[in-house]
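Colleague: Protein chains in written order, with my numbering: chain A, 1 to 115; chain B, 1 to 111.
Keep in mind the hints are simulated off the structure, nothing from the lab. Just to be clear, a hint being listed does not mean it is correct.
To be verified - Facing chain B, according to a computed beta carbon distance under 7 Å, are these residues of chain A, among others:
| id | residue |
| --- | --- |
| 1 | Glu42 |
| 2 | Ile43 |
| 3 | Glu102 |
| 4 | Thr103 |
| 5 | Gly107 |
| 6 | Pro108 |
Said to hold, decoys possible - Simulated pairs of lysine-lysine, BS3-like, Cα-Cα distance not exceeding 25 Å:
| id | chain 1 | residue 1 | chain 2 | residue 2 |
| --- | --- | --- | --- | --- |
| 7 | B | Lys26 | A | Lys44 |
| 8 | B | Lys56 | B | Lys26 |
| 9 | A | Lys44 | B | Lys70 |
| 10 | B | Lys70 | A | Lys41 |
| 11 | A | Lys44 | B | Lys69 |
| 12 | A | Lys78 | A | Lys44 |
| 13 | B | Lys56 | B | Lys70 |
| 14 | A | Lys51 | A | Lys78 |
| 15 | A | Lys15 | A | Lys78 |
| 16 | A | Lys44 | A | Lys15 |
| 17 | A | Lys15 | A | Lys41 |
| 18 | B | Lys69 | B | Lys56 |
| 19 | B | Lys70 | B | Lys26 |
| 20 | B | Lys26 | A | Lys41 |
| 21 | A | Lys54 | A | Lys78 |
Said to hold, decoys possible - From chain B, some residues computed to sit far from chain A (all C-beta separations above 10 Å):
| id | residue |
| --- | --- |
| 22 | Ala19 |
| 23 | Ser28 |
| 24 | Arg54 |
| 25 | Thr64 |
Ideal Cβ positions, reconstructed from N, Cα and C, are used throughout, including at glycine.
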Amino acid sequence: EAGVTQFPSHSVIEKGQTVTLRCDPISGHDNLYWYRRVMGKEIKFLLHFVKESKQDESGMPNNRFLAERTGGTYSTLKVQPAELEDSGVYFCASSQIAGMDETQYFGPGTRLLVL
Amino acid sequence: SQQGEEDPQALSIQEGENATMNCSYKTSINNLQWYRQNSGRGLVHLILIRSNEREKHSGRLRVTLDTSKKSSSLLITASRAADTASYFCATDPEYGNKLVFGAGTILRVKS
Numbered sequence: 001e002a003g004v005t006q007f008p009s010h011s012v013i014e015k016g017q018t019v020t021l022r023c024d025p026i027s028g029h030d031n032l033y034w035y036r037r038v039m040g041k042e043i044k045f046l047l048h049f050v051k052e053s054k055q056d057e058s059g060m061p062n063n064r065f066l067a068e069r070t071g072g073t074y075s076t077l078k079v080q081p082a083e084l085e086d087s088g089v090y091f092c093a094s095s096q097i098a099g100m101d102e103t104q105y106f107g108p109g110t111r112l113l114v115l
Numbered sequence: 001s002q003q004g005e006e007d008p009q010a011l012s013i014q015e016g017e018n019a020t021m022n023c024s025y026k027t028s029i030n031n032l033q034w035y036r037q038n039s040g041r042g043l044v045h046l047i048l049i050r051s052n053e054r055e056k057h058s059g060r061l062r063v064t065l066d067t068s069k070k071s072s073s074l075l076i077t078a079s080r081a082a083d084t085a086s087y088f089c090a091t092d093p094e095y096g097n098k099l100v101f102g103a104g105t106i107l108r109v110k111s
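Isolated chain A (complex conformation) (with noise of 0.2 Å):
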């Protein structure tokens, strides 16, 4: 069985520019997160997607990062426009519908550098 899978594993753009990430979850997963590791802080949880529907986005950090999950497989994070704070690592993680394995696997992650 496939992992998550994220996709690029690696940007470098300029501040101002827009990035996109991508994520698909592991097949069959409802539960679709978003995490970021900006440079020595924690892994901080961004939103939860439930199939298509934002279930909780209240981790983004403000109004230039969008995500969505549009027919309730893959989902993208964009960030328009950049700033150089936004650098770190993009995680994407996925689990199962509520009351089976509440694991959250992850993908490997996109490692971002706003220059």
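Chain A is already provided as a structure; the job is to place chain B on it using the hints.
Modeller: Leaving out everything else, chain B in the frame of chain A:
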């Protein structure tokens, strides 16, 4: 807001020794999960322990949970050089599904 905290921040041991890492948290939880991250790679799930469980084993891993003290420990027995990595605890709060991570423990196993 809730925050998991690992202790120690860094641990260096010889191959074959046991490694113990601790995690404390602040609010009620559904479960607590331990993850490993090898340098520059993604998070690998190790073990999940539910709030009504006190101890769980998986291979060389042993996890305990004390909800009265809001703490957990991860024991790796007979460590190997390949266990060298960062280890994170993450709590799944009682209400909501967002994991709250600690800063992690950096484990170095010397061969």
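Colleague: With reference to the structure, classify each hint as holding or not holding.
Modeller: Each hint tested on the structure:
Because the beta carbon of glutamate 42/A sits about 5 Å from the nearest beta carbon in chain B, less than 7 Å, this interface hint is met. The interface hint given for isoleucine 43/A is met, as the beta carbon of that residue sits about 4 Å from the closest beta carbon of chain B, less than 7 Å. With a cut of 7 Å, the hint placing glutamate 102/A at the interface with chain B holds, because the nearest CB-to-CB distance is about 6 Å. Annotation: interface hint on threonine 103/A holds; nearest CB of chain B at approximately 5 Å, less than 7 Å.
Look at glycine 107/A: its Cβ gets to within about 6 Å of chain B, closer than 7 Å, so that hint holds up. Of the supplied interface hints, the one on proline 108/A holds, with its beta-carbon coming within about 4 Å of a beta-carbon of chain B, less than 7 Å. This hinted pair checks out: lysine 26/B and lysine 44/A have alpha carbons roughly 16 Å apart, not beyond 25 Å. Annotation: proposed proximity of lysine 56/B to lysine 26/B holds, straight-line Cα distance about 21 Å (limit 25 Å).
The straight-line distance between the Cα atoms of lysine 44/A and lysine 70/B is roughly 20 Å, inside the 25 Å bound, and the hint therefore holds. Restraint check for lysine 70/B and lysine 41/A: the C-alpha separation of about 22 Å stays at or below 25 Å, so the hint holds. Restraint check for lysine 44/A and lysine 69/B: the C-alpha separation of about 24 Å stays at or below 25 Å, so the hint holds. Restraint check for lysine 78/A and lysine 44/A: the C-alpha separation of about 17 Å stays at or below 25 Å, so the hint holds.
The suggested pairing of lysine 56/B with lysine 70/B holds, with an alpha-carbon distance near 16 Å, which does not exceed 25 Å. For the suggested pair lysine 51/A and lysine 78/A, the alpha carbons sit about 18 Å apart, so the restraint of at most 25 Å is met. With a C-alpha separation of about 14 Å, the suggested pair lysine 15/A and lysine 78/A falls inside the 25 Å cut-off, and the hint holds. A hinted pair counts as satisfied when its Cα atoms are at most 25 Å apart, and lysine 44/A with lysine 15/A qualifies at roughly 22 Å.
As the CA atoms of lysine 15/A and lysine 41/A are separated by approximately 21 Å, the hinted pair is consistent with the 25 Å bound. Restraint check: the Cα-Cα separation between lysine 69/B and lysine 56/B comes to about 17 Å, which is no more than 25 Å; the hinted pair holds. For a cut-off of 25 Å, the pair hint linking lysine 70/B to lysine 26/B stands: about 7 Å separates their Cα positions. This hinted pair checks out: lysine 26/B and lysine 41/A have alpha carbons roughly 18 Å apart, not beyond 25 Å.
Proposed proximity of lysine 54/A and lysine 78/A is supported: the alpha carbons are some 15 Å apart, at most 25 Å. A cut-off of 10 Å between C-beta atoms confirms that alanine 19/B is not in contact with chain A; the least separation is 21 Å. Distance check on serine 28/B: its Cβ is at least 15 Å (rounded) from any Cβ of chain A, clearing the 10 Å threshold; non-interface status holds. Look at arginine 54/B: its CB is around 18 Å from the nearest CB on chain A, clear of 10 Å, so calling it non-interface holds up.
Against chain A, the non-interface label of threonine 64/B holds: every CB pair exceeds 10 Å, the least being about 18 Å.
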